[in-house]
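Residues per chain, in single letters:
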Amino acid sequence: MTDNWVRRLNPKTKLLMIPVFGIATIVSPGMLLGLFLLLVVIVMAWQANIIKKFLQTMISFGIPIAVMLFIIQGLYSPQNHTYVANLGFAKLGLEGLMYGGKLLVTLLVFMGSFYLFNKTIYSGELAAALIKSSLSDKGGYLILASLNVVPQMKRQLQVIKEAQEARGVQTGGSLLTRIKVFIPLMGPVILSSLIDTQERGMALELRGFDLKNVSKTSYIQVVDTKLDKLFRIGMLLFLIIVTAFSIYLKVRR
Amino acid sequence: MVTVKIENLSYSYKDSATSVLHDISLSFSSGERVAIIGQNGTGKTTLTKHLNGILTPDTGRVLIDNVNVENKTTAEWASKVGYVFQNPNDQLFLDTVKKELVFGPSHLGIPKKEIQKRIRFVSELVGMQEELAEHPLNLTDSEKKFCAIGAVLAMDPNVVIMDEPTGGQDKSGKYRLAKILEYLKTQQKICIVVSHDMRFVTENFDRIVVMANGHILLDGAPKEVFSNPQVLKEAFVTPPPITDLAQKLGWETTILSISEFIEELKKRVQ
Numbered sequence: 001m002t003d004n005w006v007r008r009l010n011p012k013t014k015l016l017m018i019p020v021f022g023i024a025t026i027v028s029p030g031m032l033l034g035l036f037l038l039l040v041v042i043v044m045a046w047q048a049n050i051i052k053k054f055l056q057t058m059i060s061f062g063i064p065i066a067v068m069l070f071i072i073q074g075l076y077s078p079q080n081h082t083y084v085a086n087l088g089f090a091k092l093g094l095e096g097l098m099y100g101g102k103l104l105v106t107l108l109v110f111m112g113s114f115y116l117f118n119k120t121i122y123s124g125e126l127a128a129a130l131i132k133s134s135l136s137d138k139g140g141y142l143i144l145a146s147l148n149v150v151p152q153m154k155r156q157l158q159v160i161k162e163a164q165e166a167r168g169v170q171t172g173g174s175l176l177t178r179i180k181v182f183i184p185l186m187g188p189v190i191l192s193s194l195i196d197t198q199e200r201g202m203a204l205e206l207r208g209f210d211l212k213n214v215s216k217t218s219y220i221q222v223v224d225t226k227l228d229k230l231f232r233i234g235m236l237l238f239l240i241i242v243t244a245f246s247i248y249l250k251v252r253r
Numbered sequence: 254m255v256t257v258k259i260e261n262l263s264y265s266y267k268d269s270a271t272s273v274l275h276d277i278s279l280s281f282s283s284g285e286r287v288a289i290i291g292q293n294g295t296g297k298t299t300l301t302k303h304l305n306g307i308l309t310p311d312t313g314r315v316l317i318d319n320v321n322v323e324n325k326t327t328a329e330w331a332s333k334v335g336y337v338f339q340n341p342n343d344q345l346f347l348d349t350v351k352k353e354l355v356f357g358p359s360h361l362g363i364p365k366k367e368i369q370k371r372i373r374f375v376s377e378l379v380g381m382q383e384e385l386a387e388h389p390l391n392l393t394d395s396e397k398k399f400c401a402i403g404a405v406l407a408m409d410p411n412v413v414i415m416d417e418p419t420g421g422q423d424k425s426g427k428y429r430l431a432k433i434l435e436y437l438k439t440q441q442k443i444c445i446v447v448s449h450d451m452r453f454v455t456e457n458f459d460r461i462v463v464m465a466n467g468h469i470l471l472d473g474a475p476k477e478v479f480s481n482p483q484v485l486k487e488a489f490v491t492p493p494p495i496t497d498l499a500q501k502l503g504w505e506t507t508i509l510s511i512s513e514f515i516e517e518l519k520k521r522v523q
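The listed protein sequences correspond, in order, to chains A and B.
Numbering of the first sequence is given in the working numbering, commencing with residue 1 and proceeding in unit increments.
Numbering of the second sequence is given in the working numbering, commencing with residue 254 and proceeding in unit increments.
Wrong hints could be hidden among the right ones.
For lysine to any residue, the following SDA-like pairs were computed, each having C-alpha atoms within a straight-line distance of at most 25 Å [as the list claims (entries may be wrong)]: (1) K352(B) to I183(A); (2) K161(A) to F374(B); (3) K154(A) to N340(B); (4) K352(B) to V181(A); (5) K325(B) to H275(B); (6) K333(B) to I42(A); (7) K161(A) to F356(B); (8) K352(B) to L33(A); (9) K267(B) to Q56(A); (10) K161(A) to L392(B); (11) K325(B) to E162(A); (12) K180(A) to H275(B); (13) K351(B) to I190(A); (14) K52(A) to I42(A); (15) K351(B) to H275(B); (16) K53(A) to Y266(B); (17) K352(B) to E162(A); (18) K352(B) to I195(A); (19) K424(B) to E396(B); (20) K161(A) to T393(B); (21) K352(B) to N324(B).
Distance windows between CB atoms, simulated [to be verified]: (22) Q47(A) to L347(B): 46 to 52 Å; (23) N148(A) to S280(B): 26 to 32 Å; (24) I65(A) to G421(B): 47 to 53 Å; (25) D137(A) to L347(B): 35 to 41 Å.
Only some residues are given here: those of chain A computed to face chain B with a beta carbon under 7 Å [as the list claims (entries may be wrong)]: (26) A90; (27) V159; (28) E162; (29) A166; (30) R167; (31) V169; (32) Q170.
Think of the hints as simulated: they come from the structure by calculation, not from any bench.
Only a predicted model underlies this, so the values are computations on that prediction, with no experimental measurement involved.
Positions of the beta carbon are idealized from the N, C-alpha and C atoms, including for glycine.
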């Protein structure tokens, strides 16, 4: 991981970004604010040096969703009054398109900020930061374990795939053969991750994880700078202002 | 008859810049029992994974009966090259030992009667005849290994590769393993085993390949290999204690077993 200011931000700050950005996009009228927030996330991804993968993920997710939303909302939304095009079998409505666009932007903001969060934090740091702000040890472990389980299962799946291929199971090929080999692949993956979880639990116990009446320290130092606090307060204020302003606009109308 | 030829093989893992294997050339022929030894992380497992196409070389090639391994998929090689993984938990997935043994040969289209015959023979060879109805998860680690070995042997491959079969085995487990190796030799199979158990290796193999940092340092009969304490030190391989003792005593002949030691001692006393 390269070092830059996005990565150095406190994990809590980046975690808070997800609901704040997402909710602000939802409550704000129209999609301008959403687009602006999306731009902020993109700039942060660029600053964090993950822009290429970030855009790849967003585009590969965004395009099919966009097509689906625009067709369904654009052609068949009951709100449609203004029509921008006539396709013969149905008319393309502006209101539906706008609504579809808003939904898309909201999804992208949520996904983008989550992706940024996920790729720029070290999961141990997140757990440490949350435990520091009064999350229980067990809760921290739960978060850590669930963040780690996916890459771990991915690795495990690769090993098991090799082991099954060596026994004559074709794992590539047509969809049907892939589905057929899925069961022999999944069996050991699930079983071994269950065994792993159990053993890790016992190992943690043996190392005093559940000791009572001791003040525990953490090996991982989480830096929470003034800037981080400022960011968090700023984001909350921003959310409150956006919400209040949106309500005001609605009431006035 | 079967031949395995590795020609100038080099390999590095995608996610790291350092190469794991450097220009390795080796060949094996029918009836050979070969042990690959060396420190952890020297590329032993990586090398064996090239023999059935799990990994494909960056440069160089592997030929089995003069067919390039890259030309077929790992699954297609499975009938010819059996591979027993280090961790049997990755390999076993059915709900009884018997089903594990039947799985391979039935995938190869072997007739039912022949499968029955093989299962009877193999289950006895690996000591699983009493456990055929057991769930593999209920077996001990050592039994699981034998179950995985049995599942591979039931396919009757001409080349059998085992990654660390000696790990966690007690005396009777090692004895059984020696019997299996002996059987494979009588069947003119090639058997390639990665192991850290020096005593087991000297007693049960015709040929030992010593690896260090992705290179082959020594390759020969146990006597030849263990007569090079200097090179072995370089590979961080410790010879069996009895060999070590004879060398420290300054004896020129390389001793591999206690009986050899006694004989040599008698000679020297007289």
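Hints and how they fare:
1. As the CA atoms of K352(B) and I183(A) are separated by approximately 15 Å, the hinted pair is consistent with the 25 Å bound.
2. For the given pair, K161(A) sits about 28 Å from F374(B) by alpha-carbon distance, which is inconsistent with the 25 Å threshold.
3. Restraint check: the Cα-Cα separation between K154(A) and N340(B) comes to about 17 Å, which is no more than 25 Å; the hinted pair holds.
4. Taking the CA atoms of K352(B) and V181(A), the gap is near 16 Å; set against the 25 Å cutoff, the hint holds.
5. Taking the CA atoms of K325(B) and H275(B), the gap is about 24 Å. The hint holds against a cut of 25 Å.
6. Restraint check for K333(B) and I42(A): not satisfied, since their Cα atoms lie roughly 52 Å apart, outside the 25 Å limit.
7. Of the supplied pair hints, the one linking K161(A) and F356(B) holds, its CA atoms being roughly 16 Å apart against a limit of 25 Å.
8. For the proposed pair K352(B) and L33(A), the alpha carbon gap of about 60 Å is over 25 Å, so the pair is violated.
9. Among the hinted pairs, K267(B) with Q56(A) is consistent with the structure: their alpha-carbon atoms are about 21 Å apart, no more than 25 Å.
10. For the proposed pair K161(A) and L392(B), the alpha carbon gap of about 22 Å is at most 25 Å, so the pair holds.
11. Taken as a hint, the K325(B) and E162(A) pair is honoured in the structure, with Cα atoms around 15 Å apart against an allowance of 25 Å.
12. Distance check on the hinted pair: K180(A) and H275(B) sit about 38 Å apart at the alpha-carbon level, beyond 25 Å; violated.
13. For the hint pairing K351(B) with I190(A), the CA-to-CA distance comes to about 22 Å; that is within 25 Å, so the pair holds.
14. At roughly 10 Å between alpha-carbon atoms, K52(A) and I42(A) fall within 25 Å of each other, so this suggested pair holds.
15. Our distance criterion of 25 Å between C-alpha atoms is broken by K351(B) and H275(B), whose separation comes to about 41 Å.
16. Only pairs whose Cα atoms come within 25 Å are accepted, and K53(A) paired with Y266(B) is accepted, the gap being roughly 21 Å.
17. Restraint check for K352(B) and E162(A): satisfied, since their Cα atoms lie roughly 20 Å apart, inside the 25 Å limit.
18. A distance of roughly 22 Å separates the Cα atoms of K352(B) and I195(A); the hinted pair therefore holds under the 25 Å criterion.
19. Restraint check for K424(B) and E396(B): satisfied, since their Cα atoms lie roughly 13 Å apart, inside the 25 Å limit.
20. Restraint check for K161(A) and T393(B): the C-alpha separation of about 23 Å stays at or below 25 Å, so the hint holds.
21. The hinted pair formed by K352(B) and N324(B) fails the criterion: a straight-line CA distance of about 30 Å is larger than 25 Å.
22. Taking 46 to 52 Å as the suggested C-beta distance range, the pair Q47(A) and L347(B) conforms, at roughly 51 Å.
23. In this structure, N148(A) and S280(B) break the distance hint of 26 to 32 Å, their C-beta atoms being roughly 43 Å apart.
24. With their beta carbons about 51 Å apart, I65(A) and G421(B) fall inside the hinted range of 47 to 53 Å.
25. Between D137(A) and L347(B) the CB atoms are about 39 Å apart, so this pair conforms to the stated range of 35 to 41 Å.
26. Using the Cβ-Cβ criterion of 7 Å, the hint placing A90(A) at the interface with chain B is not satisfied: the shortest such distance is roughly 48 Å.
27. Checking V159(A) against chain B: minimum C-beta separation of about 5 Å stays under 7 Å; hint holds.
28. At about 5 Å, the closest approach between the beta carbon of E162(A) and any beta carbon in chain B falls short of 7 Å, and the interface hint on this residue holds.
29. Because the beta carbon of A166(A) sits about 4 Å from the nearest beta carbon in chain B, less than 7 Å, this interface hint is met.
30. With its C-beta approaching chain B no nearer than about 6 Å, R167(A) sits inside the 7 Å limit, and its interface hint holds.
31. Hint on V169(A) holds. Least Cβ distance to chain B is approximately 6 Å, under the 7 Å limit.
32. This hint holds: Q170(A) has a C-beta 4 Å from the nearest C-beta of chain B, less than the 7 Å allowed.
Hints 2, 6, 8, 12, 15, 21, 23 and 26, counting from the list given before, are not met by this structure.
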